[in-house]
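> Residues per chain are reported as follows:
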Amino acid sequence: MPKYGMTIDLDRCTGCRACMVACKIENNTSQTAFWMYVFRLEEGTFPDAKVSFLPRPCQHCDNAACVKVCPVGARYKRDDGIVATDWDRCIGCRYCEVACPYGVNYFNYKDPKKGQYMDWKDPDIQVATAGVVPGWSNPDLDNKFGSENRSIAGSNHIKGVMEKCTFCVQRVEKDMSPACVDTCPTHAIQFGDLDDPNSAPSIAAREKSGFKLLEDRNTQPRVTYLGSTFSPGAREIERPSVRE
Amino acid sequence: MMVLKVTRRDVLKVGAAAGALTAASSLFVGRMSTIRAVGAPKPDLQLTPVEEWVPTTCWIGKQDCGMLARKIDGRVVKFEGHPANPRNQGTLCPKGQGQIAALYDPNRVKTPLVRTNAKGVQGKFRSASWDEALGIVADRMNEVRKRDPRLLIWQKGRSKAKAFYDTAFVNASGATKLHHGAFCSDAGYRALEYTVGTHAVMNPDFKHTNYLISWGWNITNAGGNKTCWLTWNQQLGEAKKRGIKVTHIDPRQRPAGPHADEWVPIRPGTDLALALALCNLVIKSGTIDEPYLKEFTNSAYLVKEDGTYLRKGEGDEAKEQVWDQASIGPMDFGKYGNDPALTGEYTVDGEKVKPAYQMFKEHVAQYTAEWAADKCGVDVKQILQIAKDLADNANIGATHIVDGVEIPYRPVAIMTYHISQTELGFQQVRAQTMLMMLMGAMGAVGGTMSDFTWKIHKNFEGLDNISITDEPNIYLKNSKFYPINSNNSSVVAQVMTDPDPKANYGVDYTPEVCIIHMANPMTSFLSQKDIYDGYMKFKFVAVIDPWMSHTADLFADVVLPAATLEKYEGPISATDQYIGAQTLRVPPMDPLFESRGDIQIYLDLCEKAGILTGEGGYLDEINKKLKIDDANKIPIDRKPSGERELFDRWAKSEGYEKGVEFFETESVNITGPVSPTKRYGYVTEPPFGGAIHRLYGESLMGYQKQMKALGVEKIYYQDYTAFPTWRDLTMNSSPSEYDMNLISYHMIEFKQSRTSMISVLAELAPKQRADINPAKAKEMGFADGDEVIVESHNAVTGETRRITVPLHFTEALRPDTLAIPHHYGEIARHPNSTGQGDTPNALFFTGKGYTANTADQSFHVKVRLLKA
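Top line first, the protein sequences correspond to chains A and B. Under this note's numbering, the first residue of the first sequence carries the number 23, and numbering increases by one thereafter. Under this note's numbering, the first residue of the second sequence carries the number 377, and numbering increases by one thereafter.
Mixed in with the good hints there might be a few duds.
Said to hold, decoys possible - Below 20 Å or equal to it, Euclidean Cα-Cα: the simulated PhoX-like pairs (lysine-lysine) are:
1. B:K878 with B:K853
2. B:K617 with A:K230
3. A:K143 with B:K486
4. B:K1243 with B:K1224
5. A:K196 with B:K486
6. B:K495 with B:K915
7. B:K984 with B:K1028
8. A:K230 with B:K616
9. A:K72 with B:K621
10. A:K72 with B:K486
11. A:K72 with B:K616
12. B:K834 with B:K538
13. A:K230 with B:K621
14. B:K728 with B:K695
Stated by the list, open to error - Examples of chain A residues lying across from chain B (beta carbon under 10 Å, computed):
15. V73
16. P161
17. A227
18. S263
To be clear, the hints were calculated from the coordinates, so they are not data collected in a lab. Yeah, the Cβ is synthetic: ideal placement off N, Cα and C, and Gly gets one too.
Use the sequences and the hints to build the structure in full.
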């Protein structure tokens, strides 16, 4: 069984947010839900200001606080390390959202189809997409995954259910990398089996020192950041649309 | 908790319904056997949808990254980067990922439209058939072509198939072409064409460069020279691993972010001052490549006191003279065995002469580091550090072997591009080029490159031999105002609205018909007021665009709906500067709605206008431009079956046995490494294509003399000087209350008119903003997010312009500078674009003081902030 994990090289990241868009299209998330989020940060004062970038997917923690608090076992840790959400089972209590220190959980307050960006009722679009909403709807998300055969890819984004980054389980089970990894223009994000010394993240992690987010929480993330750090006092700039 | 329990019950109900819906939708969407996860139910074979991966290319940026479209039952569901394309290596930027939302945008122009109301206000349109709409455009075109072909204008934005648009249509129709270069980087193009002969600006040889000056290069947000942002950043990433040092010269730090080692927060518009001071420092430090300067530049040419070269012989036989140190006397430049002097003063036949280099050395001596620090508003230590870094890294005299070829090795480079669009842009980029020339770094390994291969553009000679005319065309080509001319649509607008263009510009006609192809001058160009007034003068405007641009909304009589990326276009170079490659855009699906591919639109339009077939017709011009061989020539006596046939013939002519099918299946043809003898100027045959690089600009000085004689104002001729020469910026004579410099910039999310309405991109950058230093804002009593009025002032005319915009605090910006991004709100009446805010183009001015001497647009103006 692979031990999936990710490295994000902050020296290579340009903060372009291609990963955010790739994630949205791949996973059909609704407006203002960013399973992958890129902070654009700034610290210091002119002329000693410093700009930096911090992509933030789910950290897929080995000691995941969200898993511990889920009252119905909808949030669980797979054998390969992916922290998954079974949307058939989620009751939308949002305990995971409170427990997670990284803010990766997005709750579906409304029928997400209403948040799918465009007027999909437009009759001409309906002709082009056979009435599917959104037009880029990914059928893989309907599948059940893993030996446990559970619905964890976030399909339909049902109202009242919690969702978050799945490491693109639908791609990983096809031996593809998550959408954010594949699209990253500067190859800053690497994904693979951390037990395999020749996997991309293993190689990247050997090349430079790294750190994990909020290590003192003992959440034991599977995401390792490489290269430059940023100060806790960094301010966020250039924020995208936020949830209503 | 009670609420949650209620929610849970509701969710259960919804969940049951949703489950049913899921089952129902799976009939349409299905589960694919190829991707079925472990344990998923076996699909009904009859319902198994078809998954296809179809190659195509991105359509938004300038480099057309390779893509694979994933299709499910004919529906595109995702674009992935094409792994074989050298330019993007399987990756895509946010725009590449997001354009699927452009494809399915229900707010695209779906059918041809014909205007039903007056121009200049929000348009009202009725749907029309293609036949009717094309007929109207063809009739109007032909009516003016018959009368006077100069009355027909064709305007493009970023051209994606130059052979089919810029060449074939323009030649077949006889239209005058307008383009976007004067609003992009053309002052840099003109500077390099004139100085070293290459048709591009400047970029590093990333595999070998050790010290890079990122001069206004927006590393994290926008493309540099020749390719998009994505390719350069991949190469920068590798160079950083190698240890390249990057100095970022820019009023904003945000463009470089963590990728610069040094940030030099220069005052906007003073880059020429810094470049001249660096030339001075480099000379003083002796970091000079004398053999290069003597052999490949005009540095040794002897210049007389009147500023012209000392020549021997008459007319075409006249030879420029150098001072031969062996024979101690003048000698023809380039004569075998001579060792020309670069310095000193000599007397020939009683006339005092100096080598051009000596003159340059004397010229830049006035530009000290301290002087530049004052002009540029930066710490003098930073300027000295740049000079030291250049000296430490230039490796004068060293060579490096690339693929078996020994080549001079000067691993110092500049990346500069859009920053060329300043009032002094042409001379500024010339000075930057000369800085690299002093060290022999142009075209050296690790040095400064200017194109993928070292080719000499016809403008190297052309710009040196301009015959100034009294009767220029509508963009004042070869005129006494802008002898070197980058074709600026705002200047066109000013001429068109002038009360007496004949008397004031020598232009005795007013164009009447304008075909605008994928350009949005009203929003993307400036100045908006001039564009509005000028474009109102057109009697007929046709727009080819997938969206209702503001230009179309205000001025179009007919809108022809173009497809987005669902069309054939090209041919497209896919080189990353090291690997040669070629690709085509092939449609991942049929054009949506009633849109058509742009080339198809030209085929149809030319047919209607009677200029499709026959010699000199559209098809003939395509054959000529694409050099299609006899066996595959497009028959010029009939309309081809469509775009695909044209590309099939081209591809077969190029040696692709399968024709266009090659690109439909393989996407990209990798032709192998670019040979060093094509790439590095020193080792092309002949070296540098035979061009003798112009440190000294004799012809520039000559143009100034002619301009003076023809009686134009100083503001036009003052920058036609043999050497780049600093002068204070016109905008600085605005009253002192206009105490901030406005600059503008690209964001990674948006590009031109193709993006701000894309939902998933608009979400990332929801609203226009004006970046400001917090201390400066607080001093004026403003808080982060406050709406303010930004008022610009024209130092020549006194005109003021205003927009209202919220402030965005950032410490990574000079306190005297306000920065507003481009490309918000480009599309009219689009739900994603409406309300995004105003473009900074509403604040900039064009014309005197705000265009360079090459008619290139400046993106600098003095502004003040007022309470909204």
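> Next step is simple, just say for each hint if it's right about the structure.
Now for the hints, and whether the structure bears them out:
| no. | hint | in the structure |
| --- | --- | --- |
| 1 | B:K878 with B:K853 | 15 Å, holds |
| 2 | B:K617 with A:K230 | 11 Å, holds |
| 3 | A:K143 with B:K486 | 15 Å, holds |
| 4 | B:K1243 with B:K1224 | 30 Å, violated |
| 5 | A:K196 with B:K486 | 38 Å, violated |
| 6 | B:K495 with B:K915 | 10 Å, holds |
| 7 | B:K984 with B:K1028 | 28 Å, violated |
| 8 | A:K230 with B:K616 | 13 Å, holds |
| 9 | A:K72 with B:K621 | 17 Å, holds |
| 10 | A:K72 with B:K486 | 46 Å, violated |
| 11 | A:K72 with B:K616 | 18 Å, holds |
| 12 | B:K834 with B:K538 | 17 Å, holds |
| 13 | A:K230 with B:K621 | 18 Å, holds |
| 14 | B:K728 with B:K695 | 18 Å, holds |
| 15 | V73 | 4 Å, holds |
| 16 | P161 | 4 Å, holds |
| 17 | A227 | 15 Å, violated |
| 18 | S263 | 5 Å, holds |
The structure fails to meet hints 4, 5, 7, 10 and 17 from the earlier list, while all remaining hints are met.
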